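**Student:** Residue strings, one per chain:
2 protein chains.
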Amino acid sequence: MILALDAMGGDHGPAETCRGAAAACDSYKDLELILVGKEGEIRPLIEPLPEGVRKRLSVVHAEELIGMDEHPTRAMRKKRQSSLRLAMEMVRSKEAEGCVSAGNTGAIVAGGVLVAGRIRGIDRPAFGVALPTLSKYTFLLDVGATVRSKSLNLYQFAHMGNVYSKKILGVAEPKVALLSNGSEEIKGDEVISAARELLLGSSLNYTGYVEGDDIPYSRADVVVCDGFSGNVILKFAEGLMTAVASILKEEMGQRILPKMGMVFMIPMMKDLWSRFNYERHGGTPLLGVNGVVVKAHGRSKAPAIASALSVARNFALQKGVERIQEELE
Amino acid sequence: MILALDAMGGDHGPAETCRGAAAACDSYKDLELILVGKEGEIRPLIEPLPEGVRKRLSVVHAEELIGMDEHPTRAMRKKRQSSLRLAMEMVRSKEAEGCVSAGNTGAIVAGGVLVAGRIRGIDRPAFGVALPTLSKYTFLLDVGATVRSKSLNLYQFAHMGNVYSKKILGVAEPKVALLSNGSEEIKGDEVISAARELLLGSSLNYTGYVEGDDIPYSRADVVVCDGFSGNVILKFAEGLMTAVASILKEEMGQRILPKMGMVFMIPMMKDLWSRFNYERHGGTPLLGVNGVVVKAHGRSKAPAIASALSVARNFALQKGVERIQEELE
Numbered sequence: 001m002i003l004a005l006d007a008m009g010g011d012h013g014p015a016e017t018c019r020g021a022a023a024a025c026d027s028y029k030d031l032e033l034i035l036v037g038k039e040g041e042i043r044p045l046i047e048p049l050p051e052g053v054r055k056r057l058s059v060v061h062a063e064e065l066i067g068m069d070e071h072p073t074r075a076m077r078k079k080r081q082s083s084l085r086l087a088m089e090m091v092r093s094k095e096a097e098g099c100v101s102a103g104n105t106g107a108i109v110a111g112g113v114l115v116a117g118r119i120r121g122i123d124r125p126a127f128g129v130a131l132p133t134l135s136k137y138t139f140l141l142d143v144g145a146t147v148r149s150k151s152l153n154l155y156q157f158a159h160m161g162n163v164y165s166k167k168i169l170g171v172a173e174p175k176v177a178l179l180s181n182g183s184e185e186i187k188g189d190e191v192i193s194a195a196r197e198l199l200l201g202s203s204l205n206y207t208g209y210v211e212g213d214d215i216p217y218s219r220a221d222v223v224v225c226d227g228f229s230g231n232v233i234l235k236f237a238e239g240l241m242t243a244v245a246s247i248l249k250e251e252m253g254q255r256i257l258p259k260m261g262m263v264f265m266i267p268m269m270k271d272l273w274s275r276f277n278y279e280r281h282g283g284t285p286l287l288g289v290n291g292v293v294v295k296a297h298g299r300s301k302a303p304a305i306a307s308a309l310s311v312a313r314n315f316a317l318q319k320g321v322e323r324i325q326e327e328l329e
Numbered sequence: 001m002i003l004a005l006d007a008m009g010g011d012h013g014p015a016e017t018c019r020g021a022a023a024a025c026d027s028y029k030d031l032e033l034i035l036v037g038k039e040g041e042i043r044p045l046i047e048p049l050p051e052g053v054r055k056r057l058s059v060v061h062a063e064e065l066i067g068m069d070e071h072p073t074r075a076m077r078k079k080r081q082s083s084l085r086l087a088m089e090m091v092r093s094k095e096a097e098g099c100v101s102a103g104n105t106g107a108i109v110a111g112g113v114l115v116a117g118r119i120r121g122i123d124r125p126a127f128g129v130a131l132p133t134l135s136k137y138t139f140l141l142d143v144g145a146t147v148r149s150k151s152l153n154l155y156q157f158a159h160m161g162n163v164y165s166k167k168i169l170g171v172a173e174p175k176v177a178l179l180s181n182g183s184e185e186i187k188g189d190e191v192i193s194a195a196r197e198l199l200l201g202s203s204l205n206y207t208g209y210v211e212g213d214d215i216p217y218s219r220a221d222v223v224v225c226d227g228f229s230g231n232v233i234l235k236f237a238e239g240l241m242t243a244v245a246s247i248l249k250e251e252m253g254q255r256i257l258p259k260m261g262m263v264f265m266i267p268m269m270k271d272l273w274s275r276f277n278y279e280r281h282g283g284t285p286l287l288g289v290n291g292v293v294v295k296a297h298g299r300s301k302a303p304a305i306a307s308a309l310s311v312a313r314n315f316a317l318q319k320g321v322e323r324i325q326e327e328l329e
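If you're matching them up, the sequences are chains A and B in order.
Going by the working numbering, 230 is the number at position 230 of the first sequence; the sequence numbering is gapless.
Going by the working numbering, 149 is the number at position 149 of the second sequence; the sequence numbering is gapless.
Just chain A, same shape as in the assembly (with noise of 0.2 Å):
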């Protein structure tokens, strides 16, 4: 299994791509990683690593790199010799079987259009993310591909999620549900109503609309939603758990009696934090297009785009890009 890592994308650089590089590569012995980026930054941080993981690196040269801030399409469209680019034409060629990025969001979706190209009877693409809940995941998309969908890009999306759930996350018969302000009919928008019935006479297992609080209750496999409200949701999510862990710290400090009790919450309270961890579980796939395009956080260290990396392999191992083909023909 090769992918393709653009090794300067994302908050911290070739520092944390490389480390996460090379902590993926010692979790799947399968895996070989083609590092594109500048190869003068590159090359020295995979020097020193264990010689069973830096034979399986290799390095390919970009001299441009895309900004978090460039405009999406203008930036993927000119510099063709940035490390995203590059990486995704990895992709295109077959030289790799998907490719993963922290870098400017925009420029990624951008990109999977442009050169992996949009499968047919896509629209348009999808980021998905499975959410860790109460009991198990939901995968929720769109969560922030676009900013606002038409009623027909939902549907599409919820049949993307149906197949992701299914052949990726092992869901038998996933339950597809819309987003919306409440359960009744006559909640949502003129889009997401229309979207319910377009829902109601496909093949899906639509189970109608679901509220915020039904997410985290796991109460469908598949949420769908425009990139707006998924962008929202994600990102409160992760802040709301980072701020409650750092609640907790801080009273750590704080009080004598419940330190001495941390001592044996510790294990318990990892579990928890690992599980709702939104920021770690790196990895949003790029649903729709012709090939494995996987988005980590921009602001993703070493676990996170190692996470990224497991999500990409996964996705192509499954051969989710095919499976989502045959579920449109």
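Warning: the hint list may mix true and false statements.
Note: identical chains are not told apart, hence a pair may lie in one copy or across any two.
As the list claims (entries may be wrong) - Quick list of in silico lysine-lysine cross-link-like pairs, DSBU-like style, CA-CA up to 35 Å:
no.: 1; residue 1: Lys187; residue 2: Lys94
no.: 2; residue 1: Lys29; residue 2: Lys167
no.: 3; residue 1: Lys136; residue 2: Lys187
no.: 4; residue 1: Lys79; residue 2: Lys38
no.: 5; residue 1: Lys319; residue 2: Lys29
no.: 6; residue 1: Lys55; residue 2: Lys175
no.: 7; residue 1: Lys79; residue 2: Lys187
no.: 8; residue 1: Lys136; residue 2: Lys29
no.: 9; residue 1: Lys94; residue 2: Lys38
no.: 10; residue 1: Lys150; residue 2: Lys175
In case anyone wonders, no lab produced these hints; they're calculated from the structure.
For clarity, every value in this text was computed on a predicted model and none was experimentally measured.
Given the structure of chain A, go ahead and fit chain B onto it with the hints provided.
**Tutor:** Using the frame of chain A, we list chain B on its own:
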């Protein structure tokens, strides 16, 4: 301070609303409540209360009630003898300084507009909620009075939120922000982008776009969004914190060591939980109408009813409605 309480509203009916009324009277010695609803059901519930509380509770009989699933505007127009409508009429006639209901949300909004009337300069009212965050409160609006908004509505919400933050929450110069899917100017949809232009030209301390994770981190004092997004965020927060609490509880039962640790942890966890228990922070004022109208969560038990009554009392004491009128003139 006389407030009217829709004693029939909410999932638990008079049993919880009356207990909540008693709790509020216990906390605030200046409070007198008019319980509006089926006299035959209410009387037996307040009969056993201590004299000091009971004498501050009066009952006004209402023959009808508005169900949770009824069409809001239709129900509000037709059921003139419903507990909700009568409670609102008391606000209009100044028999009460405000009213509280845990009933049909749409009917509360419709009633606010029909019975109390809109404040001049406000096209649509908004529900606001003071969300507990890392260091203080962030006032989020609209959390569901309407579904989608125009730019001008968002602009008006910002002004109302600014007044609430200043006068009720005591923030000297509130930082006002728009919720978006990224902090850069190019983010947001057309509606949000046009609202941004309006706010840049306003007298408010407008600080730009905030993202989902900025809310728990208190990066703005007032966060403005449409009712769909606000509703989804608020409910997701409720669900997430309840899910986390139930995982903690379950884990406690399964592991002996954390159980021991928990003894010391209890005060700390209780603090945290009561801080982030969004469901208990009952009481979302309907801003933009000519009177104090406060909605409690449909699932409200007595403490949430008491909390909503306290929100209404405080809003009335601080002359919130008049302050909003002044701001808009």
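**Student:** Evaluate each hint against the coordinates.
**Tutor:** A quick look at each hint next to the structure:
no. : hint            : in the structure
1   : Lys187 / Lys94  : between (45 Å within a copy, 33 Å between copies)
2   : Lys29 / Lys167  : within (23 Å within a copy, 61 Å between copies)
3   : Lys136 / Lys187 : both (27 Å within a copy, 32 Å between copies)
4   : Lys79 / Lys38   : within (14 Å within a copy, 72 Å between copies)
5   : Lys319 / Lys29  : within (19 Å within a copy, 68 Å between copies)
6   : Lys55 / Lys175  : neither (44 Å within a copy, 53 Å between copies)
7   : Lys79 / Lys187  : between (45 Å within a copy, 22 Å between copies)
8   : Lys136 / Lys29  : within (27 Å within a copy, 48 Å between copies)
9   : Lys94 / Lys38   : within (22 Å within a copy, 72 Å between copies)
10  : Lys150 / Lys175 : both (22 Å within a copy, 33 Å between copies)
Against the hints set out earlier in the document, a violation occurs for number 6 only.
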